[in-house]
Amino acid sequence: MPHIELNNIGKHICRDLHLEVFNRELLVLLGPSGAGKTTLLNVISGLTDYQGSVVFDGEPIDRVAASKRGIGYLFQHLVLFPHLDVAANIAYGLKARKLPESQVKARVVELLELTRISHLSSRYPKQLSGGEKQRVALARALAHWPKVLLLDEPLSSLDLQTTKYLRTELKQLQKELGITTIYVTHDLDEAEEIADRIAVISDGSIEQVAQPDEVFFYPKNKAVSDFIGAPNILTCDYCRELEHGVVEANCGGLPIIVAHEGNSVERIALLPRDIYISDSWPPGPGVNRFSGTVKDIQHVDDTVRLGVEVGQNRLVAEVPHHVFNEMSLAVGKEVYLILKLRRIRAYDCRCDHSRQ
Amino acid sequence: MRWFKRLKPGWGLLTIVAFLALWELLAHLGWTPGQFSFPPFSEVIEEFYTLAASGILGEHFWASLVRVMVGLTAGSLAGIMVGVMMGWRETMDKALNPLISMLYPIPPLGWLPLLMLWVGINEALPITIIFIASFFPVLYNTITGVKGVDKDYIRVARTLGASDIKILATVVMPLALPNIFTGLRLNAGMAWRVLIAAEMIAIPTGIGALMIQSQSLMRIDIIIVSLIVLAVATFSFERLFAFFERRVTAKWR
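So the sequence lines, in the order shown, correspond to chains Z and B.
Residue numbering for the first sequence follows numbering that gives the first Met the number 0, starting at 0 and increasing by one per position.
Residue numbering for the second sequence follows numbering that gives the first Met the number 0, starting at 0 and increasing by one per position.
In silico negatives: residues of chain B with every beta carbon more than 10 Å from chain Z:
| # | residue |
| --- | --- |
| 1 | A20 |
| 2 | A26 |
| 3 | W30 |
| 4 | I105 |
Simulated pairs of lysine-lysine, DSBU-like, Cα-Cα distance not exceeding 35 Å:
| # | chain 1 | residue 1 | chain 2 | residue 2 |
| --- | --- | --- | --- | --- |
| 5 | B | K165 | Z | K170 |
| 6 | Z | K97 | Z | K67 |
| 7 | B | K93 | B | K150 |
| 8 | Z | K67 | B | K250 |
| 9 | Z | K97 | B | K150 |
The set of hints was computed from the structure by calculation and includes no laboratory data.
Here the structure is a predicted model, which is why all the values come from computation and not from measurement.
All C-beta atoms in this analysis are idealised placements derived from N, C-alpha and C, irrespective of residue type, glycine included.
Please put together the full structure from these sequences, using the hints given.
See the structure below:
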C-alpha cells in the first residue's frame, strides 16, 4: 500500500498544493464545499488533467492512465451501474482486468461477505436502500485489490443512524485491509471519529495536517479555527482530579470542571454555541458559572457572537438573535456565563505539562 | 359513474367490432363514398381468403417483408453505429453534424427519383429508401442516448480499470438502449410507410404494387385487404420492438 505524495498540484481552485499521505493511513480531507476536496481526489485518481506531480512510493504516476492507477474510488453519489445486478457491479473491475471467471466469482463472494450483502447479490440497484447501495459501491471499489482507496463523502446521502453504523464499519475494514485511504468530508464529527490524521483544506490549499485532537486544540490559523466552529481554547495552568473522571482545570484563573480521566489536562476547548448567557446569576450549583463583561458584539448570520471578558480570559459566546434582543445586550454590560459541562473538551498532554 | 373504471383493456376490442359492424351496415345500405362500390367487411374478408389461398397475397407480402427486414436492419445498424460514434466522440459529432442536419430534413421519398436513376428499378431501390428512412430516427435517438449517459458512470468504470472500448460496450451502450429502442420503434412504422410508396411508384411486386394494380382494376376489396395487411404488419413491428425493449431493460429501469 503506497505512501502518497502530492507535489505542487494545480487544478481549478487548487494552487501549488502539497500533501503527504502515509502508508496504510486513513487521512480525512476536511473542508467546506468548494474547497477543492473532490478536485484533489480526481487528481489522485487521474480522472482529470493537472499540474504538478502525484507520487506513489517515490514513483511519479502522472503519466499513468486512470484505469491503470490501481485506485478504488467511491463517488459521492455512488454511481452503481443500474443495468447490472449487485454481483455484476462488484465484478466489473475484475472483468475489466480479464481475470478468469472462477477467480471473479470467488472474489465477488468474498466481497459480498466482507460487506455483509451476500443476500443482495442478484438485486438491481433500484431495489436497494441507501445503506445497501453504499455497501455495494464500497465492495465494487475494493474488488480489484486497489492500492489506494478514495472516498468522496461516502455517507452524506444516508440517515444519521446508518451513517454512524457504517462509519465504524468502514474504519474497521480500512484497518483490516491496511489500505491507504483518503476520505473526504465536510463534517467535523465524522472526521474526528474516523481519521488517523485530518488535513484541513480551504480555498484550494491545505491549511493544517494533524491528528484530530491537535486540529481542534491547536488550529493553525483562522481558516481552520473558523471551520471547526471557532472554539474557545484555554490553556490550563494546573489541574487536579476531584474524583475519578472529574477534573478541575485551572485556566487563566478560572476553575473549570471537566469530565476527564487523569490530571494532565493541557488545554480545554468549548464552542461558542455551548456557552449560555444570562443577565442574572443562574440558579443551581455554582459550577462552571462565571461573570464577565461584554466587550464586543458581532452579528454572524442569524446569531450574535459576544466577546466576554472573564477575569484575564476572553470567551466568545453565541446567542440567537432574539435572545440578544430580549436581553438588550450591549458592550459594557455585565453578564453571567454557564459553560456546558458535557460539551467541554479536554486535551490531554501525555508528556505531562501540567503541574499540580 | 364508476363502472367505466372497472373496464378491462379488452374493452377496446369492442370499439373495433362496432366499427366493423357499422361498416357492414353502411355498405349494405348502399351509402358509399364516391361513385364506386363500397364492399362490406364480409366481402373483404372473403376476398382476403381467396387472395391468401391463391398465394398471391403471400407472395406480395413476402416481397414487402423481405425489403423491410433488410432495409430496416441495415439502416438501423448504420444509424446505431454512426450515432454511437457521434455521441461518444465530440470530434465526430462536430464533423458530421452539419452534413447530417442538412440531409435529415429531406423526406425519404424525395430521394426516389434520384435513386430510380442511380440504383435502377430493382430490389435495391425499396431497400435503399427504407435504409434512408430508418437511418435518421435511430441515429438521432442513439446520439441522444449515448450523450445522455451520466459521465460519472464512465469515470467510475475508468477507475475500475476498464478501457474505452470496454466502457462503450458494457456501460454506455446498455444505458443508451432505451433511447435506441425509441428510434427503432419509430423506424418500424417509417419503413412500411416509405416501402408502400416506393412499391406504388416503381416496383411491380409487394403490397404497394398490389394496391396500385387493384386500383387500375377498380378492385376496391383488394385495396382494403392490402390496407388491413399493412395496418397489422406495421402495428406488429412496433409491438415487437416494444416487446424487445421490455425484455432487455425492464429488469433495471
